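Could you build all of it, start to finish, from the sequences and the hints given here?
Protein sequences appear in the order of chains A and B.
Each residue of the first sequence is one higher than the last, beginning at 1 in the working numbering.
Each residue of the second sequence is one higher than the last, beginning at 1 in the working numbering.
What the hints contain is simulated information worked out from the structure, not anything from laboratory work.
Note that the structure is predicted; figures quoted are calculated from it, not measured.
Check the hints yourself; a few may be wrong.
[As the list claims (entries may be wrong)] Pulled a few chain B residues facing chain A out of the computed Cβ check, cut under 7 Å:
| id | residue |
| --- | --- |
| 1 | Ala95 |
| 2 | Ser104 |
| 3 | Glu159 |
| 4 | Gly168 |
| 5 | Ala169 |
| 6 | Asn170 |
| 7 | Gln173 |
Heads up, the beta-carbon is just placed ideally off N, CA and C, and yes, glycines get one too.
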Amino acid sequence: MSIHVRNISKRFGDFTALDDVTLDVEGGSLTALLGPSGSGKSTLLRIIAGLEFADQGEILIAGEDATDIRPQDRNVGFVFQHYAAFKHMTVRDNVAFGLQVRKRPKAEIRDRVDELLKLVQLEAFGHRYPAQLSGGQRQRMALARALAPKPEVLLLDEPFGALDARVRAELRDWLRRLHEEVDVTTIFVTHDQAEAMDVASQIAVMNTGRVEQVGSPTQLYDEPASEFVMQFVGEANRLGDRWVRPHDLDVSPDPGPGGVEAQIGRITRYGFDARIELVAADGEPLLVQVTRDRLEELELERGQIVWVVAHHERAFADATATER
Amino acid sequence: MRRYALRFVALFYLAAILIAPLGIVFYRTFEDGFAAAWEALSTPETIHAFKLTLIITAIAVPLNTVFGIICAIAIVRKRFPGKGLLNAFIDLPLALSPVVVGLSLFLLYGRTGWFGGFFERHDIQVLFALPAMIIATIFVSLPFVAREVVPTLREIGDEQEQAARTLGANGWQTFRRITLPSIRWAVIYGVILTTARCLGEYGAVAVVSGRIQGETETATLRVEERYDSFDLAGAYAIAIVLALIAIAVLLLMTLVKPREGTT
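This is the structure in structure tokens:
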């Protein structure tokens, strides 16, 4: 089921949460809304769910105008950052809720709940209460609950934000596999670019209530459309009015053409890469990523003055746009 | 020693202010034996007074419970003009002396009052009858349910309710299956406080009832009447029953209230 967001605007008092946002999400895709806090990504998700209503614009779900449809009639599944578990109900009752309010037959509910508990690996926990589950288990229960009524669209608002790093990585992995198994159009909100790159097939980068760029993780990284995307997706250095990725920089002990004078700060080595932090002569901090072989060849030390050379630079026409 | 001092002050205060008067009432009631107390209680006027108190309570408590829950939800969950005013006005009965409440009802429903003429034309007796007593009791016991429910509603937040909506539940289903179970302890606590207040109401009802023996005399009014008639045994006996009901309500509250720190 495709989702089309058409010219949506939303204000909260003086604050413009969304400013003429248009976004197309293909049926069956896994899309991330990525942006810093206050960028409007959660508001957009809540408008798609019907939990907020836009001041202007329209929402089409599966080609039909859903702009004024109440949340209970939209057939969307929603997963909250803090789980929103029904505390007074067991795990089974939580998962069954969406089916019970639709007055489905008891046997059908039982089978569907069994199926979902198995899918989220909580078969053994059906009779527990949410308070007796870990954070990761609660979020899996919330997912099963959202999926139970077979929604056309699954919306997740910072679903892993409240979990510790290890569980978060596990659940990311698991969400990606789940999306392959359950054919449902999925949109999730995150402020973590690594999470968006890792899980989503399409990312919409948001900033100050507007969509900056929509594309695959590779497109966003390789062809950022603005300074904001360049900085927010992956790491970036500013060299005058140009931008360059850390791995597109090299360090030379001698001044050469186009070289920028800089002083070496910290050097960290892990895995395949080494990362050199420098401060350019104009005070701008720089980050250079080189292979460990290259680092050894250079024999750098802290405090040394070197020259940084860029292989591949970018300039953006919209420099003023991101400065706002 | 110091850790005992605080407890001693608290217990001494309680003993002097609460336990001693209650104890002396118990003592005086049964001074002349159980039979005398029973006799004083079993007069038709006294039985009628208790019946009347229970009838008024049975009407006022459910009404204020429903109203209190609706108000609490409006205050916490909805945005509307005049919300601050509603929030402030709910506390009015706590601030206002019941006698003033009684007097205002008198002015409102009296022969020359705003509504008095209407009821008189339709031959409905409001003042000096059950309706005014019920209205007065509802007025003074109005805030308790709302005041208990408001903080609980705030604390649980609205995410569970939003989740229920996205799962297909309508407003009523969401209220009955998600909101109400989450606030049930606050509602029960509020109902118990409201009940206690209704049973004990004196001032407002005294003004509007006319205190007609065997007709518009509630249990608390009966205590006063017996006392004024120098029937001390009778006054004490009725007072004792009221005190026992209050203690029972308090005990019920302690039993029913979830232990602190759990929800």
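Evaluation of the provided hints:
no. : hint   : result
1   : Ala95  : 33 Å, violated
2   : Ser104 : 39 Å, violated
3   : Glu159 : 4 Å, holds
4   : Gly168 : 5 Å, holds
5   : Ala169 : 4 Å, holds
6   : Asn170 : 6 Å, holds
7   : Gln173 : 5 Å, holds
In this structure, the hints that do not hold are numbers 1, 2, in rising order.
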